[in-house]
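> The lines below spell out each chain.
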Amino acid sequence: MRYLPLTGDDRRDMLAVIGAASVDELFRDIPASARIDGLLDLPNHQGELEVERAMTAMAARNRPAGAGPSFLGGGAYRHHIPAAVDHLIQRSEFLTSYTPYQPEISQGTLQFLFEFQTQVAMLTGMEVANASMYEGATATAEAVLMAQRLTRRHGAVLSGSLHPHYRETVRTQTQFLGLHLDLAPTDISGGEDLASRITADTACVVVQTPDFFGNLHDTTDLAKECHEAGALLVVVVTEPVSFGALKAPGDMGADIVAGEGQSLGVGLNFGGPYVGLFATRSNFVRQMPGRLCGETVDADGRRAWVLTLSTREQHIRRQKATSNICTNSGLCALSFGIHVALLGEAGLRRLAALNHAAAVRLADRLDAVPGVRVVNRTFFNEFTVELAAPAAAAVDTLAADGILAGVPVSRLVPDDPALANLLLVAATETNTDAEMDALATGLTRVTA
Amino acid sequence: MTDQAAHQAAHRGLDLEEPLLFDFGETGRSGVDLPDPEPVASRLGGLERTAPIGLPGLSEPQVIRHFVRISRNNYSIDGNLYPLGSCTMKHNPRLNEKVARLPGFADLHPLQPESTIQGALEAIHTLAHWLRTLTGMPVVAMPPAAGAHGELCGLMAIRAAHDAAGQNRTRVLIPESAHGTNPATAALCGYEVDPIPGNARGRIDVAAIREKLGPDVAGIMLTNPNTLGLFESQVIEVADAIHDAGGYFYCDGANLNAIVGKARPGDLGVDAIHINLHKTFSTPHGGGGPGAGPVAFSEALAPYAPLPLVVRGDDGFRLVEHREGQGAASFGRMRAFHGQMGMFTRALTYMQSHGADGLRQVAEDAVLSANYLLESLKDDLSAPFDGPCMHEALFDEAFLQGTGISVLDFAKAMIDEGYHPMTVYFPLVVHGAMLTEPTETESKQSLDRFIAVLRKLAAAAKAGDVNRFRDAPRHTFRRRVDETAAARNPVLRWTPPTPDAQAAE
Amino acid sequence: MSEKRFTRDHEWIEVDGGVGTVGITAYAQEQLGDVVFVELPAPGKTLTRGGEAAVVESVKAASEVYAPVSGEVTAVNEALAANPGLVNEAAESGGWFLKVRLSDPSELEDMMDEAAYRAYTEDAA
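Chains as they are written, first to last, in my numbering: chain V, 183 to 630; chain B, 659 to 1163; chain L, 27 to 151.
Worth double-checking, as some hints may not be accurate.
To be verified - Okay, the calculated beta carbon distance ranges per label pair:
(1) B:Ser773 x V:Thr402: 20 to 30 Å
(2) V:Asp191 x B:Gly1060: 33 to 43 Å
(3) V:Asp375 x B:Ala699: 24 to 34 Å
(4) V:Asp364 x L:Asp149: 52 to 62 Å
(5) B:Ser773 x V:Asp403: 23 to 33 Å
(6) B:Gly1062 x V:Ala203: 35 to 45 Å
Said to hold, decoys possible - Sample of chain L residues at the chain V side, in silico, Cβ under 8 Å:
(7) Arg34
(8) Asp35
(9) Pro67
(10) Ala68
FYI, nobody ran anything at the bench for these hints, they're computed from the structure.
Just so we're clear, the structure is a prediction, and the values are computed from it rather than from any experiment.
Note that CB positions come from ideal geometry on N, CA and C, so glycine has one too.
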């Protein structure tokens, strides 16, 4: 077996040193009734060729998003990732290292985490960011819990245009903690009134921009209302490329920014692993969840990095920790960091402009299709269209023709007839004019 | 640029000093060539960014060189034995990486129509089948993103089951030797934590559990094999006791590598166990994630498993994404999408490579190697408990008594000898714990070399060669770092050098 | 000013005019190592004897500081925010944590005096 270096002779010699007659003697603490004598009902070992053949066959039973026109968004976006990203993250020293608990031999990981924290803080317009969370929805739930700790209040208002899966994740993660969630009704208008929902027990208001339906929000006034009432504003971002085109959440009053970083460097991966972004004000840092890397010096006075403020974390604080999170999403944070490094200021702004331009072109094209109406007044690279027929069926029909038309809203919010004809459509730098034509033609056909 | 010049002056051989990206990036270049955007009528509604982000501009060769240079400052399992107890730093096969990158897996959007993702759902379903078979448990929930997320998944199911039965139970029993994630997770589910002391053999007595049981106990979180590297020999009695009291048995499966193919948690009375795919099933640790922590459930807890579920129907695989059908009683969704697909494809590749026979050999070799270390080193270092151990050998600070050398010093001296230290000061219940996990992917020559180095260091410590330890590490890119300064005055990001150019806040 | 009194949990208190100054002992700071952060209660907060009054953190540990007496917090040592190292340098003077208006001065009676406390810590060592 190619991954196991011990030979039969080695095993015999080692048992002799231990003084055991057989390896089974070493397992004698397992109750006899629970020991497995033979092999479990699974196939035996296989060579690389056979395994690769089987897995490749399985992969071939999927239709990759890039195999044809794809306009899927809804919290995960298809972007071009420079080849250098995947090359660099496969370096052994990044790929096969552990959490940097021994800083003297982990400066590589610590340095990229410090750079990642800086990049995220810059992009969100916040003072500090952590070394990443699992993904966007759990980051949002953590933001709500953090607001609860900071304000010592027990309510949270969730916008009706927050990604439905994020709303559900927040509900799941807070359901046993006596938190009162005020779930605003689904809002596709981009004009909901959240300020009127704030009460004396509101710890935070959670709002997404660009929101689930693509609408953009200036949160400045809402932030003011929150702060006057002693509550915090949590801003959620699921499309980080938008940072290159839009005013930063930190410049619109956000106290905590929670987001999904997948678009930059990570790839679609059928939903995971992704990388959660989490940023806040520096005076809130001790209530922040997750790992933090800080700057310091070594015994010779040279600049160095180290994990810090660990007393917030579970391995020290146990049940009083700010979160139970242990890992971050290190390698995905590295991918994000490399992609952002390659883009730089000019590249990210240009990428964002390309995305917006693609979405505007597509919106104009689709709006001209009979039976299709663009709902949004504002958007970045994703918007909602209303079809003359149920969107789910249209998507299935077009999928059979090789077009991934978008995300039917009903897939995420199934029981609302008013939403049945809504389709989320995203356009990125990867979408060509020919693909846009194909979508417009396809929609013409299915809505006719 | 002066900063960069200073750094360059400090190159030593292959150790290349590398500043932060922000120290040398300049505007006016990018490592990505993009076309000019077509002019369009903006739909940004007046929310256009006007302030600069502050990101440095770099070309591709600069970025490659930057990350290659800093990578060289990391220790890795590809480079050498990585004996971190409780972390299972085993070899990460490269076939796994290749398979995970097939466009048929990597380039799938999570919200594609089911007709276009049958292979992906099959992969998840097949992995779940392997996990069900290996654990002897009927249902596996795939969404959890990591071990701690899996714990949350398990405890939420327990809480949901009690709630559904109209039971208000408030207390969770957790051994003092547990990972910190266990009590932190229990707190997130609104539970009080009641610590259970271990016995002189490093295990939990069923008598100690019985003493704590009552109608308010929701369950127990027990790591088995436990964090001291020992198998909880009374585990079945513990499970019976907790079940008799109406509670559930959560098993922290961090140490599954020791028993995979040799014993099944389902046969030990476990109701829920998370499986760290990044430990037992070799997905890379990546400097601290991403991991994956699927949870196997007993029949009693299965109805409460999180969404989505992957189910097999007559005409293929299907996702249950809402509370309906088999998911009607689910405690809900715990992340945006289905799970850590990139980890699933790697783990499934690994499992198929090893097969039933190979996985059993994995456990045997891992346990054999740990016992070989324990036996070879117990007289040079000191071991608080007798063997046999499972896949980790636990040593403690007793052998350093009176030397003036701490476990931390000893660990840092190992670095000078080319080794990453074992896990130190965990578990907390053993003074100066040194939890050593060689894994099954080390050759005997590699283990013997490691043993020789530890013997040499132990002898030096006992001989009073104090400076060698206190000054360690001396041969690394950076020497001991000042953690106190980092914590007292946290600097958590780069800021521009001149005060007027401070980031806008 | 009264003499210092000590608890088994290594807090000290010195009472003057019904208000006690509270901190952790020199022995306690030595056990903790470099103090990096002190979390103090808000002035006005009511403390219960034996309840959590503050948290003191080193790099690798966080320890609760328990109220040696019941009463209302009248002041906290603002200097610790900028310089937590004061706890190491002057645990039983400049590194004090908080002042509390005693609601029941008799709570002082069963605490140790300096000599008893020093003997207690020598036994522990």
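> If a hint holds in the structure, say so; if it doesn't, say that too.
Hints, one by one, checked against the model:
Between serine 773 of chain B and threonine 402 of chain V the beta carbons are some 44 Å apart, a value that contradicts the proposed interval 20 to 30 Å. Aspartate 191 of chain V and glycine 1060 of chain B have their C-beta atoms about 41 Å apart, which keeps the hinted 33 to 43 Å range intact. About 28 Å separates the C-beta atoms of aspartate 375 of chain V and alanine 699 of chain B, a value consistent with the hinted range of 24 to 34 Å. Checking the proposed 52 to 62 Å range against aspartate 364 of chain V and aspartate 149 of chain L shows it holds: the Cβ atoms sit about 56 Å from each other.
Distance hint check for serine 773 of chain B and aspartate 403 of chain V: the Cβ-Cβ separation is about 45 Å, which falls outside the suggested range of 23 to 33 Å. For glycine 1062 of chain B paired with alanine 203 of chain V, a C-beta distance near 42 Å keeps the hint of 35 to 45 Å intact. Using the Cβ-Cβ criterion of 8 Å, the hint placing arginine 34 of chain L at the interface with chain V is not satisfied: the shortest such distance is roughly 22 Å. Among the interface hints, the one on aspartate 35 of chain L is violated; its C-beta lies about 17 Å from the nearest C-beta in chain V, farther than the 8 Å criterion.
Proximity of proline 67 of chain L to chain V is violated relative to the hint, the smallest CB-CB distance being about 13 Å (cut-off 8 Å). Checking alanine 68 of chain L against chain V: minimum C-beta separation of about 11 Å lies over 8 Å; hint violated.
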